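Chemist: Residue numbers (the working numbering), protein chains in the order written: chain A, 1 to 213; chain B, 214 to 688.
Keep in mind that the hints were calculated from the coordinates and are not lab data.
You may find that some hints are simply not true.
As the list claims (entries may be wrong) - A partial selection of chain A residues facing chain B, derived with a Cβ cut-off under 7 Å: (1) L26; (2) L77; (3) V80; (4) I159; (5) L164; (6) A169; (7) G177; (8) S185; (9) V188; (10) H195; (11) A199; (12) T210.
Stated by the list, open to error - One-sided and incomplete, this derived list gives chain A residues near chain B with beta-carbon spacing under 8 Å: (13) D3; (14) I4; (15) L5; (16) L8; (17) V10; (18) L165; (19) I192; (20) D204.
This one's a predicted model, so the numbers in the text were calculated from it and none came from an experiment.
Heads up, the beta-carbon is just placed ideally off N, CA and C, and yes, glycines get one too.
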Amino acid sequence: MNDILNVLFVLILTLNLFALGNGRILSIIRIVAAQGVILGIIPLLMHSELSIPEIISSAAAISLKAIIIPAMMTKALRDVKIKREVEPLVGLLPSTIIGALATAITFLAFARWNTAVEGHASLIIPTSISTVIAGFILLTTRFKALSQVLGYLVLENGIYIFSLLLIEAIPLVVEMGMLLDLFVSVFVVSIITNHINRAFSSLDTRKLATLKE
Amino acid sequence: MALLLILFPLGIAGLALVIPSNRLRPWLLPVAAVLHTAVTLLVLQNPDRQTYNTWLMLDPVSTIILITVSGLFFLASFYAVGYLHHRLERSNRFFVASLSAFLGLISLAIWSHHLGLMWVAIEGTTLVTAPLIYFNKSKQSIEATWKYLLVGSVGIALALLGTFFLAYSAIAGGKEASLDLFTLLTTAPDMSKLWLKSAFILLLVGYGTKMGLAPMHTWKPDAYGEAPGVVGAILAGGVTSGAFLALLRMYQIVSAAGEGAFASRLLVFMGLFSMLTAAIFMINQRDFKRTLAYSSVEHMGILVLGVGIGGLALWGALFHVMMNAFTKGTLFLSAGNIHRAYKDKNTDAVQGAYRRLPLSASLFLAGFLAITGSPPFGPFISEFSILNGAFGSGHFVAGSLFLLFLLVVFIGMGITVLKVVQGRVPPEVEHSEYRDSFLTAFPPLAFLLTVLILGVYIPPFLRDLITQAVSFLGN
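One chain only, chain B, in its complex shape (with noise of 0.2 Å):
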């Protein structure tokens, strides 16, 4: 099963470099998903299917992670559909394939039990996405592509040495060196501390430039920004919940070790940091992408805030992970189409796209009440259970921060988003004969219901996993 969740989407990849049709090769994105999604729920629901090797198998937070990437691309895959056929002037061979190769090599990394391992898929999906950035093949593409590349090289890199230092721990602390994370949790006790805090350290930077936490965010806003809307849901809620499962891996180490207090501290500051530094950019942002670019910032912040809490708040950043995926694919998907209908990303033009596009407008305006943790929606529910966390455990500074980088974040995001929404549109603004067709409103609707649905009801067998997932963690 394993092998069926890596090796097809890479298969389809492979394919989608020899079929010559530019028509009907994005269609090669729902069949990857599609099939994925469907092994993805026989694995759910046997879990004799869950290991594969002790390489490759699935515990409760690897497979609240896959749920959750599997569920953004089976939307998002609709989506490309018919995104790619409002762009048939350029070729998508390279786009698709990208799209696809990503899904298998995202799996990987979710499956990865060898901390090595896990490392080269996520490197790997480093160097698929970027093709996607450079879509559009614009100066301001390349742009965003470069610095994609280059700043989220270093930080891997960083990763791969700070994975170093952990298999030294190990050695430092008389033990074998391994890079198998059971392995890893027993030796743990024994592992040379000083290694091991410098290890995390390396890590938290590495991943931590992959999952867009601030200071090491800075090609985010570009790279979101010049994306195409459906990359950008891909890269906010994929390959961000892929380093923080590389995370949250570390974390469990350096627990076991008997150090999570200072874990704690590091993660709760970079939350902290990152809510901050989101909070300021987003205030008197025009740029309507890169207030969702700064937005992924701030949750980003949210989830490694709520593992540094700890206990109901590391349920909630849990439970996060998926709202802030979905979220975000009614955000960024609903921003793509009111980006196409005005051909400009800036709130001084994009005015009125109630007007213009009623549908996509909509879910712009209620997946940003969603992420905002807006009741009755789920990131509510996250959110609350950080709070209530926070505030329970007796982090009273770092609740009462984390309201009101939540209040600012409101307000800011709202002017934008109620600048783009409101109104009308701009006279000098050409007419578009853009219009919400089915692939491209409904995948944004679809998110915006599961993550009302959720808001709503959690279904046991969800609550269940997220339970089981937070005592794991807890070793």
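Chain A with its partners taken away, still in its complex shape (with noise of 0.2 Å):
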């Protein structure tokens, strides 16, 4: 069971620096439901008895952030017409590396200082962290507004990650909560950047200049 939970974190980090270097927002959204699908699948895998809240809330994630969201990305992407990335603040290639540097990193100073700590915790922090800070450089390096929510999206798969550690801490009722609050968001913000597709014909967040000192 392990061999496999090692594979699928691996293949979340893969994809984090896929998505990061990748210019095609459609590539990207995929990218992230490939990720959503990896995290509905892990708490799964991780107990030897499933209880029927597990199962509820592998199948309550798997389908927002695998089928509904990427859906509602793909159709805000398909209302505003576009198709890709225009320079980046940091271009892909470079971005990727950023990514993969901090990745190695993450793992070697967690290997360094939390030697203490045992099972699946040891692969799960790391790789919670390393998501987040590739979802905050794509976050920070794109201008598209469709790309910083992209981002936004990975952040929070980091985080998720990393309430796998606390199954007991986090009630049915809450998680539920969260992955509405999820679903919500990308609800507003699909039509905050469609208005903003209106106002400023473009989806260039740096159009959005005229409040300042």
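Since each chain sits alone in its own frame, please combine them into the complex, following the hints.
Modeler: The structure is reproduced here in structure tokens:
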């Protein structure tokens, strides 16, 4: 079982780097969706005995992160008729390299300082932090509003990975609440991006610069 | 009782979505508000009603926030009716629904003793307030809403990560993970200090973004500047108070773990830095709604400074939550009236407001005096307690800087406010038929009177409540 889990964590990290190195927004949506599927499967593999709440939360996570949100993003993308992120603040290759370096540093630092941690945690924590960092890089170096939302989703996936350690502390109601919040935020944001596109004839957030001192 | 406070406003929000009349719909807000305030009073009278289950219960700290938010919403809801009746040209369906849903969600955040549930509720308040900022549907309001959502979402995501770190610090310390406040307080001494400190930093940045502490305040001037006045009042007094409550919970846990000194240092620094940032941007500020936003940054700084110093200053900070919310009510609502009468918020055009709107302009001026800590208003008492606490506990540098920043803010804000209120209406400003009416002028007046009365006389029950809250926070 542990071997499969290890492979899945490595896959998540690889997908982070693919997301950083890809200029087509549709591809990034698919990468984030694939990450969503993996995130939904992991909790099912972590425990030998499955309980009903775990199955419900996995099913909810997969349907939201892998189906509903990607579908909303794809529709938003089609509505605004753009395809790729042109001229990001940091190029695609450099941002992939930065992401890879950050991942390596996180794993090294963790192995050095937290030798006491055993079991799944030794892999979950650095994977979570690296994914949060990858999301943060996407969020801050891309200018198209939709790319920034995708960055936020990767960041959110990273935080979700951390929650795998805390299953007993997070009851089902709270977990559903978190997923509901995520759904509503993507819903609100996709409406706003549509309005940005109509008002500014562009999704470039650099045009949102009238309000300043 | 807890469920009534949470679910009734959410039900009203649902009702707002289906009621067809644009003119009748806003009256749903006072309905939600009156019931919320009535239930809050019932809860205050009877301590048996303050516990619903282990997740939803009130303690002295959250009771203070509940009174603050309920009182703020009570008066603001009537103002909202007056405001929306001036804006019948556009649909207020989502406005009314969002505002009412906000009341339900903030009540959930206040009652939550499960920090995960509290996070869900606070994130919810961010999402439902976004459509409120967007109400005017101008290019500027889109920009403000986008920044609010993006910065707010990232901040609140970091707060979630911090919440998880907090739960994990119990596991790392060899205990069972939990996010229940009382369990956390019991296990705190055994928690892993490294994880706990990381959790505190993430939560301070995360909920600090929601409060608008510098340097995470960047969304605030834009959002407060573009949102209607009543939304500004709700954001500055309601949303921020909820996020402050979340920070107080974390502060309490860190203190219980014996790391109070670490938390205090960070809070004092963030508090002073926010005051400094606000003071700098308030000098020469020509947009009077942005001035109010920076004033909010300043007062969030005062709150965390008070908590960081502790003792008497903590007492002052808890009283200041209430005083700040009500005074911001006066300021934002009267500023909203002035904005409508001029259709502009730049002080080059907005001058001589006293001639155009005598009541609103006077309230704006009095609100300025109140918020900057002039006697006999309530904020004088709270700010003086913080100052007293600072010097009494040997925080001489922090206390002196606090005084200095208050002075700079008084001058900077005073220049803008006096420019708005005094003088003649510039001849190029077009004529306006807008006048103060009962619904738009009474709520800010009532806020001011409340602040005035509490400045002269603090009822014993409130004084005791705050004292209990201080000892509750000190475990």
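Chemist: Does each hint fit the structure? Answer for all of them.
Modeler: Taking the hints in turn, this is what the structure says about them:
| no. | hint | result |
| --- | --- | --- |
| 1 | L26 | violated (21 Å) |
| 2 | L77 | violated (17 Å) |
| 3 | V80 | violated (14 Å) |
| 4 | I159 | holds (5 Å) |
| 5 | L164 | violated (10 Å) |
| 6 | A169 | holds (4 Å) |
| 7 | G177 | holds (4 Å) |
| 8 | S185 | holds (6 Å) |
| 9 | V188 | holds (6 Å) |
| 10 | H195 | holds (6 Å) |
| 11 | A199 | holds (5 Å) |
| 12 | T210 | holds (6 Å) |
| 13 | D3 | violated (24 Å) |
| 14 | I4 | violated (24 Å) |
| 15 | L5 | violated (18 Å) |
| 16 | L8 | violated (20 Å) |
| 17 | V10 | violated (22 Å) |
| 18 | L165 | holds (6 Å) |
| 19 | I192 | holds (6 Å) |
| 20 | D204 | violated (12 Å) |
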